[in-house]
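Chemist: Guided by the hints, dock chains H and W onto chain L, whose structure is given.
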Amino acid sequence: MQYTEAPSEAVYEAQARAVPSFRLLRRLARRRLAIIALAVIAVIYLAGILAPWLAPYSFTKPDFENTFAGPSLDHPFGTDRLGRDMLSRVMWSAQTTVIVSAAAMLTGGLALGVTLGLLSGYAGGRLDNLIMRIGDAFYAVPTILLLIIISATLRKSVENFFRDVEDWTGIDGIVSSGAPSYVLVFGALSLFGWVGMARLVRSQVLALRETDYVLAARAAGASTFRILFRHLLPNVSNIIVVAITLSLGAAAGAEVALTWLGIGIQPPHPSFGVMIFDGSGLTNLRTHPNLLLVPSAVLAALMLSFNLLGDVLTDVLSPRRR
Amino acid sequence: MQGLAGYVLRRLLWAPVILLAVSMVTFALGRLAPGDYLDVQAGPRANPETVERIRHELGLDDPVYVQYVRWLGDSLSGDLGQSVIYRGVDVEDVIFPRLWVTVQYNFLVLLLTFAIGIPVGTWAALKRGTLLDPLAIGTFLLFASVPVVVTIPILQWLLAVKFDLLPSGGWDVREFYGIELGILSERVILPVLVLALPSVAGLARYVRAQVLEVMDQDYVRTARAKGLAEFTVVSSYVVRNALLPIITLLGFELAGLLGGSIFLETLLGIPGIGAYAFESIGSRDYDSIMAIVMVGASAFILANLLVDIAYGFIDPRIRLRAQAA
Amino acid sequence: METRRLVLVLTGLAVAVIVVIGVLAAVVAGGGDGGGSSNNPDNGTPTVETSPLPERIEGELRLFGPDPITLDPACASDASSAEYIVEVFSGLVSFDRDLKLIPDIAEKWDLSDDGRVYTFHLRNNVLFHDGSRRVTAGDFKFSMERALNPRTLSTVGEVYLDDIVGAKEFARGETDSVSGIKVVNDNTLEITIDERKEFFLAKLTYPTGYVVDQREVGDATCFEGANWTLKPNGTGPFKLSKWVVGQRMELEANEDYYLDPKPSLAKVTYVLAGGSPLTMYENNEVDLAPVGVNDIERIRDPSESLNKEFVEKESMNVFYIGFNIEEPPFNDPNVRKALAMGLDKETLATVVLKDLVTPAGGILPPGFPGFNEDLQGVPFDKDEARRLLDDAGGPDVLKDVTLLTSGRGASAGPILEAIIAMWEENLGVTIALEQEDFATFLGDLDEGRFQMYDLGWVADYPDPQNFLDIKFQSDSANNETGYSNGEVDGLLEDARTEKNEQTRFRLYQQAEQLIVNDSAWIPLYHSKSNSLIKPYVKNYDLPPFVIPNLRYVTISR
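Just so you know, the sequences run in chain order L, H and W.
Just so you know, the numbering used here puts the end of the first sequence at 441, numbered straight through with nothing missing.
Just so you know, the numbering used here puts the end of the second sequence at 486, numbered straight through with nothing missing.
Just so you know, the numbering used here puts the end of the third sequence at 599, numbered straight through with nothing missing.
Rather than coming from a laboratory, the hints here were simulated on the basis of the structure.
It is possible that part of the hints are untrue.
Claimed, not checked - Computed far set for chain L versus chain H, every beta-carbon distance over 12 angstroms:
#	residue
1	A158
2	D255
3	T343
4	F348
5	E374
6	T406
Said to hold, decoys possible - Cut-off 30 angstroms, straight-line C-alpha distance, at most; resulting in silico cross-link-like pairs (DSSO-like, lysine-lysine):
#	chain 1	residue 1	chain 2	residue 2
7	W	K210	W	K379
8	W	K570	L	K180
9	L	K180	W	K424
10	H	K323	W	K210
11	W	K309	W	K379
12	W	K424	W	K309
13	W	K304	W	K580
14	W	K183	W	K210
15	W	K441	L	K180
16	W	K284	W	K576
17	H	K323	W	K142
18	W	K396	L	K275
19	W	K304	W	K183
20	L	K180	W	K309
21	L	K275	W	K441
22	W	K224	W	K210
23	W	K396	H	K323
24	W	K396	L	K180
25	W	K541	W	K142
The C-beta atom is built at its ideal place from N, Cα and C for all residues, glycine as well.
This is chain L alone, in the form it adopts within the complex (with noise of 0.2 angstroms):
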């Protein structure tokens, strides 16, 4: 039997069917779960994303009148030590969480990682063990340790450089809008977030690449480009959005943490790591404990939901259930 370029193309085809479409979104509706999950990251991420719009005060705005009030029509969250609408300050700082974890997603966990996982699990051999061997020194790193001290050494290149930026395009107010501070963290981010999603998918392309058909497609002479993007891409996508799901979770943990120590999102800008860190404090708890408990509820739903919905799709995409 001679292998043509039409076989390889309907097996292709029948795989694709496999990736989810209607069939996702209809499992996904029996989940009751999932929709709460959603539903909290698309009322959280909303907030961040139209704060500019909604939220009734900016992050800084002080009340010295006002200082540590207790919730009221104008100020449902109460004010803090500042007299600054805590309301507005949890959607601000969703504001950043949006930004930096899907712009660490974009950047490191999904193209650097997913490339790296699908050349590395399909080239095997040498290239493979130089991108594991590099992703193992990264990982032997350890992780926070460096990223302070990256901050400490890059932080005023990347302002500088972005000063220059300025100056080239003539825009304004870019470094003083906090993207040096966001290039830094999301950059760090990604720097170490890109070998968990590579070994994954460089373990789904081992399973795969003995598989028929794609010895098939081989055989029939596709490109190794086209087998990594068209044939392998596919179905490695389920065990993607999954990582995605639970890795945008994931990055608003992390700059949360990175913000604390001081390396993440700079004063005066808004961050749920500046939320954090002003409330916590043993004097602080005992007497104005709410200033922890309002965004750390916030986050804590906003990562659970994530977790929640990473669980549910891991459950859903599985091709062994049911």
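Modeler: Quick look at chains H and W alone, frame taken from chain L:
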């Protein structure tokens, strides 16, 4: 076993290369960071010219690669330098006692993780279909999701401030047959709780998923039909198949002590390696930073190696596949 | 997979884990003298143990203390280290609690007519803590030259001792000894300075001029061989009996102390690490606790039982915002003044800091020698501020300006956040905050890589020279702003050599008014010591800056 030995050897040969790379990058980054410990310690009162002269005497203004070679030479001959935060004290005299502290409470966390995680996960799976299952998932997820930075102050507030059940931090040491142990006091409860909750939750989730898979298998139904207790069947399968990820988990836990411990120890006032690492960076205590990073990286590589060996031992297929690659 | 293999692997894993931990334990317990909780007194190695605080003894005071950088008097440049050094070591002269200069190891001294030669007559009953021998003039020559010796690598030697003739040359390595320090005999030390300076004796009260035991110190530098500082042989009112590095410091009274009052406390324990001060105070674990902004309202409430134990006192410091005067936009005094006028210092002090501080009009703090009650500070005036700014070019002038601050952590603190918010409200300008860790911050300050910054300055000795001359004299090494005003320089020069104290202070006050008018700094506030003190602790007058204090304190139950 020739295949396994060769596999291990190959991995071992990479280790020094990786360590060297890590040391170079860390050293370069550390030195390139603006400011040095002299700036910190001289303070705002010192004459900048004097500070410059002293900087020169200490060799801090030599080119980075010169300083690196000097550090490499010293370290390989056993001299890890002196701490700057604790003037006059050798780095190893500060780091090892602190490492011991961190290892202690992390060990407890590991113990708890497996001791509680596996049974609880199994139990949750067996309760599928009842109300308890989604409740269990939810709880697991909650604890596993929230970052350490958040759980610490919350638990502090709940347990130490609001209900006054535990001390709010600190670390007590008692002597036990010549070894100093900090885990014999109630102060260890808060840090262990903070780290164990997400850890147990994570493992329990995984175990539950594994068990659920098992329960649908043919051979289980067969065994059940034969009359074997469900629990026996399930647990033997679980243990066998959960072993691989458990080993992976163990490896990463052992090696990843440093990360979470920074927040934990800083917030709770525990004299461990994490807190010291953070201080060292802020004070530009170069010798300490390098020592800590190298210890961390070595531990990680060792742990990874052990994990890989165990994998290869348990599942010959993996070993063969790796060899083929 | 067979069960046998399974068991084998599990056992192997368990063994591996135990071995790793065991090795670490052995390494730790064996090396570094960490084994056993008794600290070998002759061995200068520290332990990292954190035993729960040992049983309290009769006459013991417990309080919080900062972590010192070093206990070597020749090397210490910060207040945290100085706090312990002034109790364990001593020098020629000292301050009493009324901030009067008193004789210490020097029983009396003569000053030549031209005000340049000091002849110190030392007591003959001052022993080193180990009781082995007396302090002689030779010991002082050794100690002072050590601080100036370039080999010692001290960053502060020159700062406090460079008025002595020959000091600068010696510090540059040009000579073998300091010509201005002469040992006349065992009991007599002669010091010659370059010109009459009223504040010279005050500078000698700082640790740099203290005496150390040359047999113990040898040729230790500030960075090498420093482990003698873990068990120093000092001369002060207290001996360092135990230092658990990073955790706890224990001092015990020096029975042979030569001044009156001798220390009456038997023991002083400083808690260096962690813990919540208020909780520990309420549990009677410590006898003194600082009160922070979050607790102050509760403590100030008269119905709160702790209110009676609350003490507050002015400190000799000033917290301020400084400008880089050498570069735009802050080379324009109107821009600086506009920012100064746009700040509501009263609200900062009362609302944000809950009256824990005093708003500052000038540089010198209230109660400080030379403080001018009639000083005209820059007032809070939004409209005038706006007008000044518009005259200078409008809010655009301040575009892209950053305020440099030091700190680690997610937030720069409520004060800076409030200040930035105020400028936004009152002037329509958005100043960006740049937070760096302390090392980078100081480096940037030294190199002039900043536009504005915030910092504090604590007095070393009670003389206006310590504030005004050091920070604002054009050539001063510690003048970060680059402020240069010929008239001010002239006044400072005159004040340096003026004999009459009243006239001196008037000259300094004139200088201060000019400095304030020029808005080289925006003085923000002077902080206070806010403390809870147990009623049985007597005579612990909160020291306004670092002076020996513990020997006056008594415990009466």
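Chemist: State for each hint whether it applies.
Modeler: Consistency of the hints with the structure:
Distance check on L/A158: its Cβ is at least 15 angstroms (rounded) from any Cβ of chain H, clearing the 12 angstroms threshold; non-interface status holds. For L/D255, the non-interface assignment is contradicted: its Cβ lies about 6 angstroms from the closest Cβ of chain H, within the 12 angstroms cut-off. With a cut of 12 angstroms on Cβ distances, L/T343 stays outside the contact zone with chain H, its closest approach being about 17 angstroms. The claim that L/F348 is not at the interface with chain H holds, since no C-beta of that chain comes within 12 angstroms of its own (minimum 22 angstroms).
A beta-carbon of chain H is positioned within 12 angstroms of the beta-carbon of L/E374; the least distance is around 10 angstroms. Separation of L/T406 from chain H is inadequate, the least Cβ-Cβ distance of about 10 angstroms not exceeding the 12 angstroms criterion. Our distance criterion of 30 angstroms between C-alpha atoms is broken by W/K210 and W/K379, whose separation comes to about 39 angstroms. Among the hinted pairs, W/K570 with L/K180 is consistent with the structure: their alpha-carbon atoms are about 28 angstroms apart, no more than 30 angstroms.
Distance restraint check for L/K180 and W/K424: the Cα-Cα separation of roughly 17 angstroms lies within the 30 angstroms cut-off, and the hinted pair is therefore satisfied. Only pairs whose Cα atoms come within 30 angstroms are accepted, and H/K323 paired with W/K210 is rejected, the gap being roughly 60 angstroms. Of the supplied pair hints, the one linking W/K309 and W/K379 is violated, its CA atoms being roughly 51 angstroms apart against a limit of 30 angstroms. Between the alpha carbons of W/K424 and W/K309 the distance comes to roughly 54 angstroms, so the proposed pair goes past 30 angstroms and is violated.
Among the hinted pairs, W/K304 with W/K580 is consistent with the structure: their alpha-carbon atoms are about 15 angstroms apart, no more than 30 angstroms. Distance restraint check for W/K183 and W/K210: the Cα-Cα separation of roughly 15 angstroms lies within the 30 angstroms cut-off, and the hinted pair is therefore satisfied. The hinted pair formed by W/K441 and L/K180 meets the criterion: a straight-line CA distance of about 19 angstroms does not exceed 30 angstroms. At roughly 24 angstroms between alpha-carbon atoms, W/K284 and W/K576 fall within 30 angstroms of each other, so this suggested pair holds.
As the CA atoms of H/K323 and W/K142 are separated by approximately 48 angstroms, the hinted pair breaks the 30 angstroms bound. For the proposed pair W/K396 and L/K275, the alpha carbon gap of about 35 angstroms is over 30 angstroms, so the pair is violated. Restraint check for W/K304 and W/K183: satisfied, since their Cα atoms lie roughly 27 angstroms apart, inside the 30 angstroms limit. Of the supplied pair hints, the one linking L/K180 and W/K309 is violated, its CA atoms being roughly 50 angstroms apart against a limit of 30 angstroms.
Pair hint L/K275 plus W/K441 holds up; C-alpha atoms about 18 angstroms apart against a cutoff of 30 angstroms. Distance check on the hinted pair: W/K224 and W/K210 sit about 16 angstroms apart at the alpha-carbon level, within 30 angstroms; holds. For the suggested pair W/K396 and H/K323, the alpha carbons sit about 24 angstroms apart, so the restraint of at most 30 angstroms is met. Between the alpha carbons of W/K396 and L/K180 the distance comes to roughly 19 angstroms, so the proposed pair stays at or under 30 angstroms and holds.
At roughly 17 angstroms between alpha-carbon atoms, W/K541 and W/K142 fall within 30 angstroms of each other, so this suggested pair holds.
The structure fails hints 2, 5, 6, 7, 10, 11, 12, 17, 18 and 20 (numbered hints given earlier, in ascending order).
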